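Chains as they are written, first to last, in our numbering: chain F, 1 to 662; chain W, 1 to 662.
Just so you know, not all the hints are guaranteed correct.
Which copy is meant is left open, so a pair is good if it fits within one copy or across any two.
Unchecked claim - Lysine to any residue pairs mimicking SDA-like chemistry, simulated, CA-CA at most 25 Å apart:
{"id": "1", "residue 1": "611", "residue 2": "579"}
{"id": "2", "residue 1": "256", "residue 2": "311"}
{"id": "3", "residue 1": "149", "residue 2": "628"}
{"id": "4", "residue 1": "450", "residue 2": "460"}
{"id": "5", "residue 1": "370", "residue 2": "119"}
{"id": "6", "residue 1": "169", "residue 2": "619"}
{"id": "7", "residue 1": "370", "residue 2": "482"}
Hints listed in this document are in silico derivations from the structure and should not be mistaken for laboratory results.
Predicted, not measured: the structure shown is a model, and the values here were computed from it.
There are 2 protein chains.
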Amino acid sequence: MNGHGEEGQSAFEIGVVVPRRVLKEGGESDDCVEVLVDEFRKAGLIVDRVLGFQEEFLKLAAPLETLGRAAAELQLKKQTHIGLELPFQWDEAEAFVRQPDGALFSWCERFHCYRHIIYGLMNKGDSVLTLKYDSKEFHWEPGESLLQKLELEGVIKEVFPLHDEIKRKQLLRSWALNGWDFTRQPIDEIYSYFGTKIATYFAFLGMYTRWILFPAVFGLMLQLVDLGSMQLLVLPTFFISVIVWAALFFQFWKRKNSALLARWQISCPVGAGPGCKFLEMEWSSLQLQSPVELLKKWGSDKTKEELFQRGEWTGRLMRFRNDAIVILSIICLQLPFELAYAHLYEVIGSDLMKFGLTVIYLFAIQYFNKIGGKISVNLIKYENNESTEYSADSLIYKVFGLYFMQSYIGIFYHALLHRNFLTLRRVLIQRLIVSEVLDNLMENSLPFLKYSYKKYRAIRKKRKRDKGSSVGKTQFNYRVEKEYLKPSYSASVGEELEDGLFDDFLELALQFGMIMMFACAFPPAFLFAALNNIAEIRTDALKLLAMFKRPIPRAAATIGAWLNIFQFLMVMSICTNCILLVCLYDQEGKWKIEPGLAAIIIMEHILLLIKFVFSRIVPEEPAWVRANRMKNATQAQNVYSKQLLRSISGNEKVSAGLEKIK
Amino acid sequence: MNGHGEEGQSAFEIGVVVPRRVLKEGGESDDCVEVLVDEFRKAGLIVDRVLGFQEEFLKLAAPLETLGRAAAELQLKKQTHIGLELPFQWDEAEAFVRQPDGALFSWCERFHCYRHIIYGLMNKGDSVLTLKYDSKEFHWEPGESLLQKLELEGVIKEVFPLHDEIKRKQLLRSWALNGWDFTRQPIDEIYSYFGTKIATYFAFLGMYTRWILFPAVFGLMLQLVDLGSMQLLVLPTFFISVIVWAALFFQFWKRKNSALLARWQISCPVGAGPGCKFLEMEWSSLQLQSPVELLKKWGSDKTKEELFQRGEWTGRLMRFRNDAIVILSIICLQLPFELAYAHLYEVIGSDLMKFGLTVIYLFAIQYFNKIGGKISVNLIKYENNESTEYSADSLIYKVFGLYFMQSYIGIFYHALLHRNFLTLRRVLIQRLIVSEVLDNLMENSLPFLKYSYKKYRAIRKKRKRDKGSSVGKTQFNYRVEKEYLKPSYSASVGEELEDGLFDDFLELALQFGMIMMFACAFPPAFLFAALNNIAEIRTDALKLLAMFKRPIPRAAATIGAWLNIFQFLMVMSICTNCILLVCLYDQEGKWKIEPGLAAIIIMEHILLLIKFVFSRIVPEEPAWVRANRMKNATQAQNVYSKQLLRSISGNEKVSAGLEKIK
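All chains, please: the whole structure from these sequences, using the hints.
So this is what it looks like as structure tokens:
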């Protein structure tokens, strides 16, 4: 291998936590942890054992070859130099494209390989092995995964990816604490450290922040400058420019996403997401069959087609049913509750009562969200989604419905029924400031508090145990132990499907909805949002780098369901702003259609048209990305077509022969 | 080869028309027609010479091998059994998937090969050959295409595809004259006879006709049954169900189109149209370079990327400018004209004046359309569209804008300004009947008349020449001569970009717009449309089979721009029907918003939502098609990955070595 970028491979990237035991002399050979370490070493991993306060930590690293062999076993598909994605082969590693940072495998692929290696430690003999853990004994059956067995027995407490101290510090400097260059982020380094999904989030956040500066400045100007008689036209102008801005933003985001994918050697075009994931799925389910079998199985039988049709439609019906359940329960249960709160808040006079009501309400919605999340996760289990990323998207839609109602219906109530624009503005400012200050604070302080508490408890336990032996300062000596105590980057709903990105995206989407849907009521909101986002980039970066365990990398390389949600919010905002304008210009409640109302309705339709025209005329994939992709495909076929053809027609003859025999 | 489906290959498929000459004895060797026939035969074609009245016809047929060798020279990409599309190789013909009818090449591919063969007849020697035509002499330079030379000199009058009499008669029986099974069509046979584009048109027409039966029956029922007090709700119900019907129809059409493509072994998914075509383009421009050159050229140079970006945006701006020109001129020039006509027609009392006005108007719009078409074609020349099919789409959009204004603005005028629903209904019925009867009649009689006139003229000339020699009946003895006299299947605008399908689709789209946009005004219109379409299938089939020359096959396999136009009409119809409902329920012109108007506006928004939700939740590609495609891809990679990888990494080493040398 070329040797560049390989030094990073020897860093310890996975931690396995086992309890600290009293080691007996001589009895080591069948102690389960010793066996585990032995097996790790046999599998080609480098193991570093660290004794912490209460636990023992096994830090694992893998030389490139170990990873490569695992990738070959996994038939991991990688981009080759001719553009085709092919299953990895260790002997032909030269044929595969390297990452932007020079490494052969991305962090996501490495993690996948690690998982494959450590969960693939089987008892390869024929006899049952007896393992000991402290005084307990248990049997390791042939063909059973050692790690799963140990997890089941409670010996292994956790397996988690470790931070890479060098890269982490580098990122902290260049990213989280990078003071004044507001929106520039080292996306490629983020990608190689955290994987595609998180890097995509930050790329989106950065681009969103850069773009939002325009309406922020515009909104501020409108607030400060008094245009006299033109004042009536100011809000519609702002509204139109904001909608155009948003439509352009999403199209250009899609382009940027395509460009990122091309840079990261991920061959799926943004639009073709489902197919790409499906491919992986199909691949794993088909790879065990021989091609001849496949040819037979897939032949031209119509029944297969019908089967697929049926499967497709039942799956779709199931999902439709679930969505209907969620939507109906949101409308029937949540809507009245929210309206009741908004109404009571408006009706009650005393401030104390109002405060009490809000406290009760806040507790209630916490509870609501938790229940909603659980129900959604359960519903999704009955859907046959093609991959976990599909299920995660399905969850996002369902839970977002909940938050959507929660966040906006109260504001609508103020806007529409009471036509109280001052209250509306106050509520908007309140919420934006709350989200800016409180959320960012909470995001960082909560995990820190959790970590501190865990640390404190661990130290106290240690002290209790060591009572009298040493009264000096007790400190953590090992980084890995500190990391173990840090909370993991997980979502507030449905941990098994989503990670902490859910909450970060949710925050962003709710903010976007807030500023867009009520753009006419309060133009300077964009400035709040812009400031918030500049802070958000840094707090999120800090959170990921310092507060949490290193997150498990996810393969998805688009913002997925969130893009649809953002676009939905944008379309909604066209409608809501029109309603707001009607309310604003029609203070007497005459509802006469001419000329104002008609103008507003026509404007709404034109804006809707613009949105859909933009999504047509701005191509989602930059021409150079497409050209690159096409070039790869044609090149591959150009170079290897002859030998491929020979083998295909040879293969044909074989299968034709087989059929004749039958 | 297997021998099945090959008998069709020996049919004569191309006709070349040369003038009938007075043959001199002995001087044949340098007569250009003799040379041409010789060259044809040398190229492996079978030539049949037919002496007609005035012209001589060279009927060409090609054995499979000749076609195969031409396809290999063309590097024609074909689907292989493992799912990859690879350039055709004659020696490995077994590796390629056959057509549904058992032939190796589709009609479109065959035509492409024929063209390649006959236009590829070069003077391969070093010396200039002197050819004679009657008394004229001209020089055939080395490396010059003989056919182009002869076309330039006026010796070859036309090259056109010939009808295949056996298949034509079969299709006439099973399709055009197939009496009572309304909508069933032998799509596969149409495909193998006319190529993808025409088969797709008929598949669309058939499905549209089948689907339209539902609203036709529903609309008729509404007309016949009197619901008493519920009458007010009838029209909105009809409106909603029609919109839902249309939204479903288009989604299911996309699915059907995908399925058709899969059946015809065309690998482009419907959504990815542009990429697919682009691929072909790229392919032809890249195939001359060696892979090593390509690797260098495409390397990681950023300038290339910027170049692409710039090219992409200037192209887009150009197109945007053109569209703006077209839209502005339609609004500024055509709209006032149409409104003036509608207004005058309403104002003028005397019927004679009205008639006169209409005649003038009809002449004027004929002229308008011609000018519009010419301007559009000229504008498109400045766009750098990636392929002719793109240019054709661009033309379709532009010309449709013209027809859209022309067809609907007058009706709107009646509906909105005069609120004269009776006139509106009368106009609708008028137009539908006119389009039904007149268009169908014209479509078939006009080409027949043209043909008869040409025939008559030919016979008269012949008689003049043969004066006195024979006074008996003069008849055409050869089918090929009759075919030559038939008009070709060409569009009324922009012959070089579109063929007769343009007019057929235009008719369909205008009809769809008419019935959808005014659905609330006249529900039984759907019945008219359904009857019209049942007739349309037959008349169009008859037209293609009996009235015209066999059309030149086109490779595009979707209905392209027309799908977007249909969907645009559908969205428009949501808005127009809402306006109609407002007019209908608000006869006094009060324009009070509550409760009717508000309900209608809300309904409009919900329908728009439904349209876009449907286009999300109904997948455009059936699961089995996708699975099939994926299976192919994975299979290919499964079987051949190892040998591919070896050659890639070998190739890598070579190019790395090359770079080192430099």
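The hints, checked one at a time:
With identical chains, the CA atoms of residue 611 and residue 579 are at most 25 Å apart both within one copy (18 Å) and between copies (22 Å). When the C-alpha separation of residue 256 and residue 311 is checked against a cutoff of 25 Å, the pair qualifies only between copies, where the shortest distance is 17 Å, while the shortest distance within a copy is 35 Å. Neither within a single protomer nor between protomers do residue 149 and residue 628 lie at most 25 Å apart by alpha-carbon distance, with minima of 47 Å and 39 Å respectively. In this homomeric assembly, residue 450 and residue 460 come within 25 Å of each other (Cα to Cα) only inside a single copy, at 15 Å, whereas the closest approach across copies is 102 Å.
For the homomeric pair residue 370 and residue 119, neither the shortest alpha-carbon distance inside one copy (32 Å) nor that between copies (73 Å) is at most 25 Å. In this assembly of identical chains, residue 169 and residue 619 lie within 25 Å of each other by CA distance neither inside one copy nor across copies; the values are 39 Å within and 46 Å between. Proximity of residue 370 and residue 482 under a CA criterion of 25 Å is satisfied in neither setting, with 29 Å inside one chain copy and 79 Å between copies.
The structure fails hints 3, 5, 6, 7 (numbered hints given earlier, in ascending order).
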